[in-house]
Amino acid sequence: MNTAIFVAVVTTIGLVGGLVASIVLASSTRASAFVLGLMVFIWALPPVVNGSVWKFLLGDAGLINGMLGGLGLAESAVPFLYDDRFALLSVALVNSWAVVPFNALVFRAAILNVPGEIFEAARIDGANRWQEIRHMILPAVRPTTLVLVVLTIVYAFRSFDFIYVMTFGGPGIATNTLPFLSYLQAFARYDFGLGAATAVISVLLVLVLAFVYARSVRREEKDT
Amino acid sequence: MTVTPIPLTDGMPERPRRRRTRRFEPVAGPLRFVLFLVYGIPILWIVLTSLKSPREVITSQASLLFTPTVDAYVAALADSGLFSAFTQSMLIASGTTVLTLMVAVPAGYGLARVDGRVTTVALGLLIVLQMLPQTASVIPLFQIFGSWRILDQTSTVVLANTAHLIPFAIILLRPFFRSVPEALQEAAAIDGASTFRTFFSVMLPVARNGVATTGTLVFLMSWGEFLYSVNFFLSPGKYPLSALLAQQVSAFGIDWPGLMALAVITSVPILSLFGFTYRLLREGLTLGAVK
Chain A
2 MNTAIFVAVV
12 TTIGLVGGLV
22 ASIVLASSTR
32 ASAFVLGLMV
42 FIWALPPVVN
52 GSVWKFLLGD
62 AGLINGMLGG
72 LGLAESAVPF
82 LYDDRFALLS
92 VALVNSWAVV
102 PFNALVFRAA
112 ILNVPGEIFE
122 AARIDGANRW
132 QEIRHMILPA
142 VRPTTLVLVV
152 LTIVYAFRSF
162 DFIYVMTFGG
172 PGIATNTLPF
182 LSYLQAFARY
192 DFGLGAATAV
202 ISVLLVLVLA
212 FVYARSVRRE
222 EKDT
Chain B
213 MTVTPIPLTD
223 GMPERPRRRR
233 TRRFEPVAGP
243 LRFVLFLVYG
253 IPILWIVLTS
263 LKSPREVITS
273 QASLLFTPTV
283 DAYVAALADS
293 GLFSAFTQSM
303 LIASGTTVLT
313 LMVAVPAGYG
323 LARVDGRVTT
333 VALGLLIVLQ
343 MLPQTASVIP
353 LFQIFGSWRI
363 LDQTSTVVLA
373 NTAHLIPFAI
383 ILLRPFFRSV
393 PEALQEAAAI
403 DGASTFRTFF
413 SVMLPVARNG
423 VATTGTLVFL
433 MSWGEFLYSV
443 NFFLSPGKYP
453 LSALLAQQVS
463 AFGIDWPGLM
473 ALAVITSVPI
483 LSLFGFTYRL
493 LREGLTLGAV
503 K
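So the protein sequences, as listed, match chains A and B.
Count along the first sequence from 1, add 1, and you get the number used in our numbering.
Count along the second sequence from 1, add 212, and you get the number used in our numbering.
Since the hints were made in silico from the structure, they are not lab data.
Mixed in with the good hints, there may be bad ones.
Ranges of calculated distance between the beta carbons of each label pair, as one might list FRET restraints [what the hints assert, rightly or not]:
(1) A:L195 / B:N421: 17 to 27 Å
(2) A:A123 / B:E495: 46 to 56 Å
(3) B:M302 / A:L195: 44 to 54 Å
(4) A:L195 / B:P448: 19 to 29 Å
(5) A:L90 / B:L243: 14 to 24 Å
(6) A:F169 / B:L446: 19 to 29 Å
(7) B:L396 / A:A123: 54 to 64 Å
(8) B:N421 / A:I6: 36 to 46 Å
(9) A:W131 / B:R420: 39 to 49 Å
(10) A:A123 / B:M302: 45 to 55 Å
(11) B:L396 / A:L69: 41 to 51 Å
(12) A:P116 / B:R420: 25 to 35 Å
Sample of chain B residues facing chain A (criterion: CB under 10 Å; computed from the structure) [said to hold, decoys possible]:
(13) I258
(14) L263
(15) S265
(16) F354
(17) I356
(18) S359
(19) I362
(20) L363
(21) N443
(22) L446
In silico negatives: residues of chain A with every beta carbon more than 10 Å from chain B [as the list claims (entries may be wrong)]:
(23) F35
(24) K56
(25) D162
Keep in mind that this is a model prediction, so the values were computed, not measured.
Glycine included, every Cβ here is placed at the ideal spot set by N, Cα and C.
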């Protein structure tokens with residue numbers, strides 16, 4: 002169940018965030034190029050580094066709590082990482098933060114693939130920015146979206162590094178996803194049989210996703 | 213569908229471009245700034261915190277004003293463990309990159325040029341393999357390596373990493389080889405080049421961007437990998453940087469400036485590599501992901 006919530010949050014935010022970021026950054030101004038570079042750099046950093054930073058920022062006296070307190074939004078520090086209610090969500094949010102750059106990059110390529118003349122034609126016809134997004138950009142990225150959905154789901158599902166670094170599955174079992182649970186069972190409780198069984202279940206789930214992915218890739222290749 | 217990013221404004225007359233930029237601003241401008249903050253602040257904070265003293269971090273983690281100190285770096289660099297961890301990271305990452313490319317480049321070429329049932333099955337298997345959670349493979353690998361008595365060796369981690377990344381590398385490389393025109397291959401054949409000659413003198417140079425992209429990504433991934441290192445090395449003395457970081461951050465009573473200094477030190481090689489290959493990554497990633 003944790004796994005399902007986790008995957009759902011990461012996939013939704015990862016895809017929507019990626020799409021928004023790609024639309025915002027599709028213009029070739031210097032600012033866009035810089036922000037995109039920054040984002041891809043974050044994506045390239047080891048997850049351990051990113052995880053540690055967020056563990057720090059989300060701590061009791063960390064930047065986020067400092068800001069909330071300063072703005073008077075929270076009376077006491079919010080226990081982002083060691084409260085049952087927040088921990089899973091916090092880790093999922095950080096995970097989506099880390100995957101947005103990649104998705105934005107792929108979406109951006111799909112948007113840039115639309116010839117510039119089409120946008121010009123639309124503008125001459127009086128289309129505003131929202132109409133452009135709704136009727137031109139969204140259809141253009143649709144084929145890409147399916148592939149990215151599967152990739153992001155798989156990414157979220159097999160996510161391990163952030164959980165390991167930020168909460169280690171805790172508090173209690175609040176951030177145990179299936180792959181992490183199998184790891185804990187095998188290497189923390191030294192019950193290799195149980196861990197392997199959990200791993201097999203997670204592998205079966207991945208098989209289903211891989212099948213969907215393989216089919217969508219095949220279809221794309223047929224088009225060439 | 214071959215996804216080759218075409219910069220929108222290239223070759224467009226000057227006027228529409230300017231108008232376009234201005235149209236964007238009311239919504240896109242602020243959003244872009246938000247993105248900049250969301251991704252810039254964590255980086256800034258790593259660096260800032262690594263320059264604080266432990267006492268300052270406890271009193272006010274969020275403060276911007278403080279007297280910078282390089283104590284954390286001095287302490288980290290004075291620790292001889294850091295140097296060996298750095299060496300380990302380098303060994304593991306470059307070993308993995310070389311080994312993976314040695315297998316994946318010919319395999320990617322083969323799978324790109326031969327069509328048929330075998331290719332389809334192989335691709336399907338590779339996709340499945342690429343998607344497997346790392347935690348699922350670490351359990352059997354631990355037992356196999358244990359029975360082979362090769363645990364606690366750097367080459368073991370390289371081997372595990374290579375096995376883990378080869379599917380990914382092949383899948384990423386294949387579209388690059390596919391995008392090389394068949395005519396080139398035919399021309400080479402007419403000139404009497406053997407298959408090997410064609411591969412090394414024609415295909416490889418043409419697809420070098422793909423090889424570079426894949427190599428970079430494999431290096432980045434094995435640089436950050438820590439699950440195999442944490443479990444296959446039996447003592448922390450042989451940990452690479454990433455594993456050291458993972459071990460320290462999940463411990464209690466964390467020395468944040470020291471940890472952040474370690475994080476910065478871990479990231480610097482990534483930054484330099486990134487500086488060289490960003491352009492490649494930007495185009496190459498999208499090609500590999502979509503196909």
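To see whether the hints hold, each was checked on the structure:
For the pair L195 (chain A) and N421 (chain B), the beta carbons lie near 46 Å from each other, so the given range of 17 to 27 Å is not met. Separated by about 26 Å at the C-beta atoms, A123 (chain A) and E495 (chain B) break the suggested range of 46 to 56 Å. Range check, M302 (chain B) to L195 (chain A): about 37 Å between beta-carbon atoms, so the 44 to 54 Å window is missed. At about 26 Å, the CB distance of L195 (chain A) to P448 (chain B) agrees with the hint of 19 to 29 Å.
Range check, L90 (chain A) to L243 (chain B): Cβ separation about 23 Å, and the 14 to 24 Å hint holds. Against the hinted window of 19 to 29 Å, the Cβ-Cβ separation of F169 (chain A) and L446 (chain B) comes to about 20 Å, which satisfies the hint. Separated by about 39 Å at the C-beta atoms, L396 (chain B) and A123 (chain A) break the suggested range of 54 to 64 Å. Take N421 (chain B) and I6 (chain A): their Cβ atoms lie about 40 Å apart, and the range 36 to 46 Å holds.
Range check, W131 (chain A) to R420 (chain B): about 42 Å between beta-carbon atoms, so the 39 to 49 Å window is met. Look at A123 (chain A) against M302 (chain B): about 51 Å separates their beta carbons, and that is inside 45 to 55 Å. Judged by the Cβ atoms, the range 41 to 51 Å given for L396 (chain B) and L69 (chain A) is violated: they are separated by roughly 60 Å. Remark: the range hint 25 to 35 Å for P116 (chain A) to R420 (chain B) is upheld by a beta-carbon distance near 28 Å.
Because the smallest distance between the Cβ of I258 (chain B) and any Cβ of chain A comes to about 5 Å, under 10 Å, the interface hint for this residue holds. Annotation: L263 (chain B) was flagged as interfacial toward chain A, and the flag is violated, the nearest CB pair being 14 Å apart, outside 10 Å. Below 10 Å, beta-carbon pairs count as interface contacts, and S265 (chain B) has none with chain A, the closest being about 15 Å; its hint is therefore violated. Interface restraint check: F354 (chain B) against chain A, minimum CB-CB distance 8 Å, threshold 10 Å, status holds.
Because the beta carbon of I356 (chain B) sits about 12 Å from the nearest beta carbon in chain A, more than 10 Å, this interface hint is broken. Proximity of S359 (chain B) to chain A is violated relative to the hint, the smallest CB-CB distance being about 13 Å (cut-off 10 Å). A cut of 10 Å between beta carbons decides the hint on I362 (chain B): the least distance to chain A is about 18 Å, and the hint is violated. Hint status for L363 (chain B) relative to chain A: violated, with the closest Cβ pair at about 13 Å, above 10 Å.
Residue-level restraint check for N443 (chain B) holds (minimum Cβ-Cβ distance to chain A is 6 Å; threshold 10 Å). Look at L446 (chain B): its Cβ only gets to about 12 Å from chain A, farther than 10 Å, so that hint breaks. For F35 (chain A), the shortest C-beta to C-beta distance to chain B comes to about 8 Å, within the 10 Å cut-off, and the non-interface label is violated. Residue-level check failed: K56 (chain A) sits 6 Å from the nearest beta carbon of chain B, not beyond 10 Å.
In this structure D162 (chain A) is not separated from chain B by more than 10 Å, as the shortest Cβ-Cβ distance comes to only about 7 Å.
The structure does not agree with the numbered hints 1, 2, 3, 7, 11, 14, 15, 17, 18, 19, 20, 22, 23, 24, 25 stated previously, though it agrees with the rest.
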